Amino acid sequence: SQLAEENLWALSVHEGESVTVNCSYKTSITALQWYRQKSGEGPAQLILIRSNEREKRNGRLRATLDTSSQSSSLSITATRCEDTAVYFCATDWASGGNYKPTFGKGTSLVVHP
Amino acid sequence: AQTIHQWPVAEIKAVGSPLSLGCTIKGKSSPNLYWYWQATGGTLQQLFYSITVGQVESVVQLNLSASRPKDDQFILSTEKLLLSHSGFYLCAWSPDRGGDTQYFGPGTRLLVL
Chain B
1 SQLAEENLWA LSVHEGESVT VNCSYKTSIT ALQWYRQKSG EGPAQLILIR
51 SNEREKRNGR LRATLDTSSQ SSSLSITATR CEDTAVYFCA TDWASGGNYK
101 PTFGKGTSLV VHP
Chain D
1 AQTIHQWPVA EIKAVGSPLS LGCTIKGKSS PNLYWYWQAT GGTLQQLFYS
51 ITVGQVESVV QLNLSASRPK DDQFILSTEK LLLSHSGFYL CAWSPDRGGD
101 TQYFGPGTRL LVL
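Protein chains in written order, with the numbering used here: chain B, 1 to 113; chain D, 1 to 113.
Don't read these hints as lab results, they were simulated from the structure. Be a bit skeptical, because a hint or two may be false.
[Unchecked claim] Taking beta-carbon pairs under 8 Å as the criterion, some of the chain D residues facing chain B (in silico):
(1) D100
(2) F104
(3) G107
Remember, predicted model here, so these are calculated numbers, not experimental data. For each residue, glycine too, the CB sits at the ideal point set by N, CA and C.
Chain B on its own, in the form it takes in the complex (with noise of 0.2 Å):
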């Protein structure tokens, strides 16, 4: 199974709205990162939050991460049109010199006029 997974496969907001996407992970972690994902283009890191860290901001953007219950979420607010896209969490894996994010399967988002 996957060490992080988003709780759901799909959301769909209207424009100005808020909205919330949650993750969970099974292992204990250094950091974990949000990622967005529009149609046909690479992921874009959103916000790498570490695990001293309790919330992040970046712009509309909220992270939070509770280490005791092992997830995170992100929020968006004031949603707009190019919010659309798939939203995934990664954690962090370091093994031999490489760091290894492992992404869950992501949480497809859109946001409607």
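With chain B's structure known, arrange chain D on it following the hints.
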């Protein structure tokens, strides 16, 4: 500013034919380089990583090979394609050995028939 370029954008190939995908990073010396594969609707899976020229480590065995002939170039190839090789191939780079911030290229979409 750093840029990452992948070629070709898309390929349709026959089972058993050879494949070569390329990735170039400009504006960053000695980056860590990565190849990822994403099945349609699936999650990202790291295939190879390279810390320096001429050195490539395999993460997942998928009957593919990778090489780093130059500091800014990463090549993914195989002598014989399988149907299961279809998917989206992404190159990524990281500015440091920690690797927890990765920047992805636009990807190459491969369909094997």
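Going through the hints against the structure:
no. : hint : result
1   : D100 : 5 Å, holds
2   : F104 : 3 Å, holds
3   : G107 : 5 Å, holds
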